[in-house]
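Q: Residue numbers (our numbering), protein chains in the order written: chain C, 15 to 423; chain F, 15 to 423.
Keep in mind the hints are simulated off the structure, nothing from the lab.
Quick caveat, the model's predicted, so the values are computed rather than measured.
Be aware that one or more of the hints could be misleading.
[Stated by the list, open to error] Straight-line Cα separation of at most 30 angstroms, BS3-like style, residue types lysine-lysine; simulated pairs:
| no. | chain 1 | residue 1 | chain 2 | residue 2 |
| --- | --- | --- | --- | --- |
| 1 | C | K360 | F | K200 |
| 2 | C | K140 | F | K200 |
| 3 | F | K376 | C | K360 |
| 4 | F | K23 | C | K284 |
| 5 | C | K33 | C | K23 |
| 6 | C | K23 | F | K352 |
| 7 | F | K181 | C | K23 |
| 8 | C | K140 | F | K23 |
| 9 | F | K376 | C | K23 |
| 10 | C | K140 | F | K376 |
| 11 | C | K376 | F | K376 |
There are 2 protein chains.
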Amino acid sequence: MRQSQLFGKSTRAVSSEVKSKGLEYLIRGGFIRESSSGRFYLLPLGLRVQERICAIVEDEMNRVGAQRMLAPVLHPIELWEETNRTSSVSFELMRVRDRSERSFVLGGTAEEMLVALVRQFAISAKDLPFCLYQFSTKFRDELRARGGMLRAREFLMKDGYSFHASKEDFERFYREISESYLRIFKRLDLLARIVESDNGYMGGDYCHEFVVDHSLGESRYFVSHDETKAIHEDLVNKMGEAERSGLTERAGIEVGNIFQLGTWYSDRMKGAEFTGSDGKSHRYYMGCYGIGIGRTLSTIAELYSDDRGLRWPKGSSPFSLHLIALGQDSEVIEAADKLYRGLSEKGGSVLYDDRELSVGVKFADADLIGIHERVIVSRRLLERGVFEVVNRFTGEGREVSEGEVMSRV
Amino acid sequence: MRQSQLFGKSTRAVSSEVKSKGLEYLIRGGFIRESSSGRFYLLPLGLRVQERICAIVEDEMNRVGAQRMLAPVLHPIELWEETNRTSSVSFELMRVRDRSERSFVLGGTAEEMLVALVRQFAISAKDLPFCLYQFSTKFRDELRARGGMLRAREFLMKDGYSFHASKEDFERFYREISESYLRIFKRLDLLARIVESDNGYMGGDYCHEFVVDHSLGESRYFVSHDETKAIHEDLVNKMGEAERSGLTERAGIEVGNIFQLGTWYSDRMKGAEFTGSDGKSHRYYMGCYGIGIGRTLSTIAELYSDDRGLRWPKGSSPFSLHLIALGQDSEVIEAADKLYRGLSEKGGSVLYDDRELSVGVKFADADLIGIHERVIVSRRLLERGVFEVVNRFTGEGREVSEGEVMSRV
């Protein structure tokens with residue numbers, strides 16, 4: 015894509031309410047804009063990052079056999095009444111009524127919706143286990159929206175739900191999903207730690223958070239001296255004095271979570287059962303698995319930035335390459351145009367800075383946007399028959415041939 | 015994907031309220047399920063079809079230079095008050111209030127949201143034109159939900175919005191988008207006709223519907239004798255007796271629409287302007303462009319089915335190939351397994367019917383699901399060293415070598 019055409023120009027200033035570097039760069043770089051407080055537009059650059067994150071999540075979810083589907087945004091309130099979660103969830107539910115006076119919940123999580131779907135089918139033991147997941151907009155009526163996209167009122171979430179014939183089978187899958195989550199975050203260059211946690215509003219007995227250490231994070235947890243064990247502060251508060259000694263407090267951003275739900279939902283929702291090999295009805299054993307996509311995006315932005323702007327890791331960079339033509343003389347423009355055409359024909363994901371702007375402005379914008387790798391075309395380089403490739407993430411740069419540039423996409 | 019693992023078993027019966035063949039097959043085949051009336055779950059098969067349709071739409075939108083982004087689902091009601099559309103739109107708006115008593119609209123269309131975004135930027139003449147689009151869930155508070163996904167209360171829509179410095183530039187782009195729409199529907203095997211229409215609730219002077227002829231459609235229009243001109247019934251009713259003679263009435267499904275908006279929104283929304291080359295502020299000239307993704311999906315289902323089930327065209331088939339092993343003897347299973355592995359390694363999109371079921375059940379399910387092309391493995395065929403390929407869309411079948419099957423993905 016030609017940068018002269020890109021919607022969402024970079025800007026120099028943001029509102030003084032923006033307190034974090036990552037958020038400031040996302041706004042200034044033209045990735046996101048706030049609509050109402052806590053609700054964001056994703057501009058073309060921001061949506062590209064989100065799509066790249068989703069692609070990695072999808073790939074790893076499919077690898078453990080999970081199947082993607084999509085539930086409606088409006089959940090009939092009767093379903094939430096079946097489990098009595100209308101009065102027990104810790105986030106405030108948003109409700110809406112249609113012209114026929116039917117009430118709906120704007121989904122914060124979708125356990126009831128998934129059980130309501132699954133019970134439409136006659137499930138037998140040999141249909142189990144299965145895991146369904148979706149990417150869907152979630153709503154939380156936060157009293158105060160803080161931290162930009164780290165704690166938004168509306169955000170994209172990957173939420174998955176698994177159904178099992180036995181506790182043992184669930185536990186096997188829970189370990190698989192846990193490993194799958196670690197692979198996802200690794201591919202996104204996030205070092206996520208598994209923190210034992212409290213189940214809260216979801217029902218069930220235990221759950222684990224995936225937390226990336228960061229001072230902006232609202233998750234407080236404690237690690238053991240040898241760093242092999244991490245426990246959420248709520249659980250630590252229940253411990254005795256002796257057990258707590260030797261634990262160190264940390265702050266981090268919760269990018270994902272996995273929940274054991276047991277039969278909490280199938281106990282409460284009529285028909286949430288399968289026919290066992292004994293011919294009798296049994297309640298299925300469930301788990302649920304979330305990843306905050308918007309929060310993951312902003313965690314990467316907070317973690318990987320310097321005093322000039324963002325530094326996208328390879329897995330989430332909005333484009334693979336940022337092609338920058340320095341200067342306006344026809345030789346440079348021609349060479350850059352040709353390279354851009356060649357890369358595009360190969361299907362490369364390239365942002366081409368074709369704007370008639372000074373070298374200083376172009377570099378400042380490139381630093382701000384932070385595409386993983388950039389390719390520079392200049393008269394000086396052309397005279398020597400090379401291009402310069404600079405990795406924004408690592409800072410490394412070197413001169414390469416045209417063939418080598420082409421081989422990068 | 016192995017069919018034994020696929021969530022959403024085919025079923026033999028549907029509710030008597032389901033009146034159309036396409037909808038019946040979508041439900042029975044495990045593509046969709048209704049949640050509350052007019053709101054649907056997309057099961058894995060249905061979501062795959064939707065994703066394929068979106069990919070074609072995205073490809074053609076990008077080709078005309080449109081840029082994908084995403085606006086929040088909840089629109090601040092103040093924006094709709096700026097244009098006074100809260101009291102003028104023809105579909106009933108759904109409203110929701112948060113715990114701080116702020117009111118929002120559940121978006122039916124997003125003109126105000128896009129203008130509110132664009133006016134956050136200092137736009138000059140040389141930034142124009144641009145076109146932004148999104149795939150987003152839309153809400154219509156229909157009094158009665160009829161026709162399944164043909165007229166749903168919640169549905170995915172591709173909505174695009176273009177901004178221009180002049181009427182002439184808008185008209186050029188309007189023609190481009192119009193051609194792009196015809197390419198999209200052609201790739202989906204839909205013969206869409208352009209119908210001159212009334213602008214309705216959108217503001218602006220004129221618009222065009224893209225209509226696929228079908229008796230289930232709610233669009234009534236008239237065609238001239240030579241079929242070169244098609245006019246919406248509302249416009250025909252304004253014509254004189256003489257003009258109307260020679261016009262024939264038709265019914266069709268409106269799968270897309272394009273609207274001239276002119277300066278209707280920029281006249282009403284403060285700051286909806288750009289700096290012209292004369293240094294002065296001007297209002298931008300706008301257009302908007304919709305495609306109902308869910309409706310397009312169900313139109314294909316209604317159009318392409320027979321008495322046994324669905325017949326997906328190539329462009330929207332949930333999988334490219336349906337691999338079917340007939341019989342349970344180990345030779346057949348081994349050959350089918352091997353072919354499945356080979357096709358999967360090549361990145362082929364294959365549904366593999368590995369279930370231990372009778373030939374009759376497998377064929378009945380394959381006919382119902384209607385994947386574009388199927389590959390049959392049987393003892394009789396293996397003895398002659400061939401596979402049978404049958405095109406469900408055209409009905410043609412022939413025997414092919416393993417090499418030829420592999421070359422199809």
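Q: Does each hint hold? Answer for all of them.
A: Comparing the hints with the structure gives:
| no. | hint | verdict |
| --- | --- | --- |
| 1 | C:K360 / F:K200 | 26 angstroms, holds |
| 2 | C:K140 / F:K200 | 42 angstroms, violated |
| 3 | F:K376 / C:K360 | 41 angstroms, violated |
| 4 | F:K23 / C:K284 | 21 angstroms, holds |
| 5 | C:K33 / C:K23 | 21 angstroms, holds |
| 6 | C:K23 / F:K352 | 52 angstroms, violated |
| 7 | F:K181 / C:K23 | 24 angstroms, holds |
| 8 | C:K140 / F:K23 | 12 angstroms, holds |
| 9 | F:K376 / C:K23 | 55 angstroms, violated |
| 10 | C:K140 / F:K376 | 18 angstroms, holds |
| 11 | C:K376 / F:K376 | 60 angstroms, violated |
Consistency note: the structure conflicts with the earlier hints numbered 2, 3, 6, 9 and 11.
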